[in-house]
Amino acid sequence: MSTLLEVSGVSVNFDGFKAINNLSIQIAEPEMRAVIGPNGAGKTTFMDIVTGKTKPDEGRVIWGEKSVSLLGMNESQIAQAGIGRKFQKPTVFEAQTVRENIVMALKNPRRPFDVLFKRGGNDAEDRVRAISDDIGLTGALDQTSGALSHGQKQWLEIGMLLAQDPRLLLVDEPAAGMSPAEREQTTDILVRAAKTRAVVVVEHDMEFVRRLNCKVTVLHQGSVLAEGSLDHVTKNKDVVDVYLGR
Amino acid sequence: MRHAFLALMILMGSVLAVSAQTLQPILQTHTDEIASPSRNSVSVALDDLVASGVPQVTDFLEQWVERNIWQRDDGVFYIAVEDGDELTLTDIDTGAQSMAPAAGFTQLRPNGGVRRVIGTALVQFQLLDPDLTRRETAVASIARRPEAGQLAPLLASIDGETDAALKARKVQLANFMSARFADSPADRIAAITSLSADTSVEARAVLNQILSTSSGVAERAPDGNIAMIHDPMLDPEASYGLLVEADLAPPRQTPSDIRTTLEANIDADTIAGFAVAEMNDPAKREAAYAALSDAGLAPLLITAPVRDAALSAHVFYDLYDEDDVEITAAASIALRSVETRVSTAQAVDLTLDALSLASIFFLAAIGLAITFGVMGVINMAHGEFIMMGAYTGFVVQQFIPNYTVSIIVALPLAFAVTFAAGVAMERLVIRHLYHRPLETLLATFGISIALQQLAKNIFGTQARPLTSPDWLAGAWVLNDVIQISYIRIAIFVLALIFLGLILYILKRTRLGLEVRAVTQNPGMASSMGINPDRINMMTFGLGSGIAGIAGVAIGLYAKVTSEMGSDYIVQSFMTVVVGGVGNVWGTLAGAAMIGFGQKGIEWLNPSNTLAAQTYMILFVILFIQFRPKGIVALKGRAAGD
Amino acid sequence: MQNTFIGKNPSVLWFLLGLSVFTVVVTLCSEALGADIISTSFLKTLGKTLCLCLVAIAMDVVWGYCGILSLGHFAFFGIGGYAIGMWLMYARTEDIVVASLQNATLPPTPDEVTTAIGSQIFGVVGSSDFPMIWALSHSLTLQLLAVVLVPGLLALVFGWLAFRSRVTGVYLSILTQAMTLALSLYFFQNDTGLRGNNGLSGLQNVPGLEAVSQATLSLWFFWGSAFALGAGYVLFAWIVSGKLGSVIRAIRDNEARVRFLGYHVESYKLFVFTVTAMVAGIAGALYYPQAGIINPAEIAPIASIYLAVWVAIGGRGRLYGAVIGAAVVSLMSSWFTGGAAPDINLGFYVVQWTDWWLVLLGLTFVVVTLFFPKGIGGVFDLIAKRKGDTA
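Quick mapping for you: the protein sequence lines, in order, are chains A, B and C.
Number 28 in UniProt numbering belongs to position 28 of the first sequence; there are no gaps in the numbering.
Number 305 in UniProt numbering belongs to position 305 of the second sequence; there are no gaps in the numbering.
Number 114 in UniProt numbering belongs to position 114 of the third sequence; there are no gaps in the numbering.
Since the hints were made in silico from the structure, they are not lab data.
Where a beta carbon is used, it is the ideal one built from N, C-alpha and C, also for glycine.
Keep in mind that the hints are not guaranteed to be accurate.
Sample of chain C residues facing chain A (criterion: CB under 8 Å; computed from the structure) [claimed, not checked]: (1) 134; (2) 247; (3) 259.
With a straight-line cut-off of 20 Å between C-alpha atoms, the simulated SDA-like cross-links for lysine to any residue are [as the list claims (entries may be wrong)]: (4) C/243 x A/126; (5) B/456 x C/334; (6) B/456 x C/352; (7) B/456 x C/363; (8) C/243 x A/117; (9) C/374 x A/94; (10) A/195 x A/134; (11) B/284 x C/109; (12) B/456 x C/355; (13) B/629 x C/164; (14) A/89 x A/204; (15) B/559 x B/432; (16) C/243 x A/142; (17) A/89 x A/54; (18) B/456 x C/338; (19) C/374 x C/386; (20) A/66 x A/117; (21) A/89 x A/180; (22) C/243 x A/99; (23) B/559 x B/395.
Derived coverage of chain A by chain C (criterion: at least 3 residues anywhere in the stretch with Cβ under 8 Å from a Cβ of chain C; other residues may be distant) [said to hold, decoys possible]: (24) 85-95; (25) 101-107.
Here chain A stands alone, though its shape is the one from the complex:
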């Protein structure tokens, strides 16, 4: 287990409001990590920083064995470097079929001419099939993804993440709006993924986090409040204060 992502001393200001304040987190590979915290704790902003959507005012974000800084890269470069992100709201391309969505995400050369002439995509069909099996959407491959149920869209998005074959998955509230059965299936997908890569899950639902059975980081007001197993952090007095507002 080696460190894959190192965020250290990062701060972000939005018009005087410190969304992230001297935040430091390390993620190893492979690892499953849950990030929890009350609203406005900076969970989403943390993801924005790692994926290049937001540029921090100070601090370092270091990636991989070669210790590359992610701060100088744009969104697509970061994604190509091996960081996949799933948004809170499922954002699949609803006008296109499930297959098209997955094919688009498959790890292949990403430049326009590569794509136009379909370079390096010979085993595409097999990989699409493997992923659709994984997320249970093989039967719906040629359906328009707009016609999927909410839970299926969430899985499709996770499937697209897996198709990217990233080393780090950032998953924002995957279980939101899912039925209990769907949640269980989602947990399985994530746990399986975490065997070979790093997975960071941001989640509100404690039951869901408990089922992930992993190390937990608690954020509060833009910095780390506590870290450790779920049982450990829930016994932490600060965490209890923050969550119950005492």
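Given chain A's structure and the hints, the job is docking chains B and C onto it.
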């Protein structure tokens, strides 16, 4: 007061004193010089007339110049008006009128040169004339065509001048004339130096006249006050042209001269031994011509070396018409100082121009900025609302002939008309397209096409005038360089009023509060009981109404046509985009930047306003690179993505 | 692969079939073959319409598929026209000048020829010097390259600047409109060296083909336009149906998400913007020899907006929709504004179509945007759906 009274007394006294004298006897002593004057002989008579101090002299001289003096066969002079075969005679001294047949009289017809001499003499009388208008006419006529002889009478008339304004004018004119005509170089230099702070066109003309040069070419530089020696090699062709003009060199052959010469010397199929068929090669043509020239059949070919040799054997110079070196030096210094002042004044003038252009852009764009900023709606028909406002003004003027009243009526009416049109458009079209900005752009564009053609069908294709009231017609003249038309000042003021009004509405009223709430967070605003539909409707109406008023303002200084909207729409969009969306100050900054930018580019390349617009747009495209959200950008989360 | 491409895109086959039948029928009816059913001028109108259809599908790809509402593609069309027009005008004037100098006593020097051509071409703007911009006009090959490269390069530079700073949506539309305005103002200036508002004329005469009658020449151009449209249709169908099409549609729907998938969105937009601009240039180069004249008014922003109108009315996001829109609206426009449409007498007012067509078009456009966002092409969906229901 006492001085004036005293002056009046003296004037009346002198009139009484001389009225007893008569002019006719003096005229009779110079009858030959007056009846058939030459430029030299007439001055003798004039000197006597002037010296006599008889008041009738002025009138006589004026009528003489006008060719209204007739001489009876016995030698007596009369002022006469021809009426068929009859003459209406006026006695020169008494003013008594009578009639007589024209047959016994001869008209005096002084030639142009004589008339000018008489005019000069006349001026000194006119300068002292009791009638202010006459004195003013006299001063103006001197200013039009200053002559050395007029300086002394002008100076003499200054002290007695009772009208303060005319006195100042006389002093100024005398100063201009001293600079050119004063006897002592020291006086001239003093006058010239005093001009260095005067930016008027007249003063600059005086200095330029003193510094007038004539250019020439000679084998060696002449003695005299040389302004400049030119290097002929800077433009050898033009310099050689001067040599040719001065008959100092033979003309250079043009390619067509060479061709004509060659054609004239065709001998069967050859020219001086060269085949005619080869003559499509310029080198061969030259060789053939050289051969002809060697044979004496053509003048020597002026090649570049020949030309350069001729050029280097001559001096190309500019010679001052003024011989005194010190005077030209003083004038150069004064002119340079004047030019510095003039360019400062020009910069001020340009700034004012840019300011008024910016106000127009602001007026045209602010309505757009409001609808764009608050609703995220691009209204391509905004330009047509401007046009609608202008046509409203035009229609109002058809019913109310008084221009002042009609403008006062037209402004609110234009607002009302375009407000209604805007509300109708929002209700019928835009409401159904929220969150589909590109579709809104296209739908409003469809409306714009329809409105434009509709206006064409109603009002025709020719431009319609929107006449401004007289009090807006002139220009505010600061000096000869800085002037700005009242209409532009009015537009500037209008823009200021609207800036204030819009800031007031947005910052101080309930409507403004609700508008800002909807801009920042429509969902939250509606959950707090603000009806976003109503707000959007009002906002759109307001934005459109302002476009209508802008239309009246623009119509006043430009023509009203069905296409006037499309002339402003792209600039308005640029203004909004450059300034930053959703912010009144941003629009102001954008308007200022585009107005000043365009004027600045026009100043760099004054011949070409099309180019100025082209470069301005390119500049805006580049500017967007560096500040994609405009000059005044909303920051942080409020800006969204 | 070709099999699967056609298999996946049956509309391409139908389109090519329709286009071929149309071409053959028009050819058989043309004056050139002795049948007087279609006049030469109407044949030219049809040929021009095909070119408009070509630029419309380019517009559809950039707007309907990639979501960039470009208000500049008709300017690229115009630039293509200017590029070929320069050669046509230069070469034809050269022919005339050389012929007229044939009988001169001395054979003309190259300089004399150039000056004579220059004064012929630029006499209207009071000049006889060749501006720099005409440096390549003597060469058909180079000007043909310019037809593609100049719009392509312009689109590349402009697109790079605009996309790089992430100007999107209506901002981008306005920026492209500004670019178009700048271009048309540039072409309007005499200093530019393209004869200012006179534009280029006499383009219907092709140098070297003086012996061919206009009837035959028009037919050739019609064939050329039909071929270009067919080829363009296949090219774009191939581009949009593959994975690249999938990516650009995804960019249209959610640009940020595509970025997080690791695609460099700007490159894709730039690719689409540039390729469509080049096709627009080709369409223009075929159009203007049939029109005979080009001037800067053709490039004005309004023309690009009409292009968007055609595509919207035809139905964007489907290539045949753009073709239908361009063909129907442009043919109707020339019918109504040409004075051929009968006036309607309302008793109290006579509706003259030359005056009222634009009003009708504008309002139609509003109605289409409001109620039929899929345009005429949407009707095909309804038919297909009904078929599916009955089957």
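Consistency of the hints with the structure:
1. Hint on residue 134 of chain C is violated. Least Cβ distance to chain A is approximately 34 Å, over the 8 Å limit.
2. Interface hint at residue 247 of chain C: satisfied, since its Cβ lies 6 Å from the closest Cβ of chain A, which is below the 8 Å cut-off.
3. A hinted interface residue such as residue 259 of chain C counts as satisfied when its beta carbon comes closer than 8 Å to some beta carbon of chain A; here the least separation is about 4 Å, so the hint holds.
4. Simply put, residue 243 of chain C and residue 126 of chain A have alpha-carbon atoms about 16 Å apart, close enough for the 20 Å limit, and the pair holds.
5. Distance restraint check for residue 456 of chain B and residue 334 of chain C: the Cα-Cα separation of roughly 19 Å lies within the 20 Å cut-off, and the hinted pair is therefore satisfied.
6. Between residue 456 of chain B and residue 352 of chain C the alpha-carbon distance is near 13 Å, which keeps this suggested pair within the 20 Å criterion.
7. Distance hint between residue 456 of chain B and residue 363 of chain C is fulfilled; the C-alpha atoms sit about 16 Å from each other, no more than 20 Å.
8. A distance of roughly 9 Å separates the Cα atoms of residue 243 of chain C and residue 117 of chain A; the hinted pair therefore holds under the 20 Å criterion.
9. A hinted pair counts as satisfied when its Cα atoms are at most 20 Å apart, and residue 374 of chain C with residue 94 of chain A qualifies at roughly 17 Å.
10. Between residue 195 of chain A and residue 134 of chain A the alpha-carbon distance is near 14 Å, which keeps this suggested pair within the 20 Å criterion.
11. For the hint pairing residue 284 of chain B with residue 109 of chain C, the CA-to-CA distance comes to about 10 Å; that is within 20 Å, so the pair holds.
12. For the proposed pair residue 456 of chain B and residue 355 of chain C, the alpha carbon gap of about 8 Å is at most 20 Å, so the pair holds.
13. For the given pair, residue 629 of chain B sits about 14 Å from residue 164 of chain C by alpha-carbon distance, which is consistent with the 20 Å threshold.
14. For the given pair, residue 89 of chain A sits about 14 Å from residue 204 of chain A by alpha-carbon distance, which is consistent with the 20 Å threshold.
15. Restraint check: the Cα-Cα separation between residue 559 of chain B and residue 432 of chain B comes to about 35 Å, which exceeds 20 Å; the hinted pair is violated.
16. With a CA separation close to 15 Å, the supplied pair residue 243 of chain C and residue 142 of chain A stays within the 20 Å bound.
17. Proximity of residue 89 of chain A to residue 54 of chain A is assessed by CA-CA distance (about 18 Å); at most 20 Å being required, the pair is judged to hold.
18. About 17 Å separates the Cα atoms of residue 456 of chain B and residue 338 of chain C, which keeps this hinted pair within 20 Å; it holds.
19. As the CA atoms of residue 374 of chain C and residue 386 of chain C are separated by approximately 17 Å, the hinted pair is consistent with the 20 Å bound.
20. Distance hint between residue 66 of chain A and residue 117 of chain A is unfulfilled; the C-alpha atoms sit about 32 Å from each other, more than 20 Å.
21. Annotation: proposed proximity of residue 89 of chain A to residue 180 of chain A holds, straight-line Cα distance about 18 Å (limit 20 Å).
22. Pair hint residue 243 of chain C plus residue 99 of chain A holds up; C-alpha atoms about 11 Å apart against a cutoff of 20 Å.
23. For the given pair, residue 559 of chain B sits about 14 Å from residue 395 of chain B by alpha-carbon distance, which is consistent with the 20 Å threshold.
24. Look at the region 85-95 of chain A against chain C: 6 of its residues bring a Cβ nearer than 8 Å to a Cβ of that chain, three or more, so the hint holds.
25. For a cut-off of 8 Å, the count of residues in the region 101-107 of chain A with a CB near a CB of chain C stands at 3, and the three-residue condition holds.
Hints 1, 15, 20 from the earlier list are contradicted by this structure; the remaining hints agree with it.
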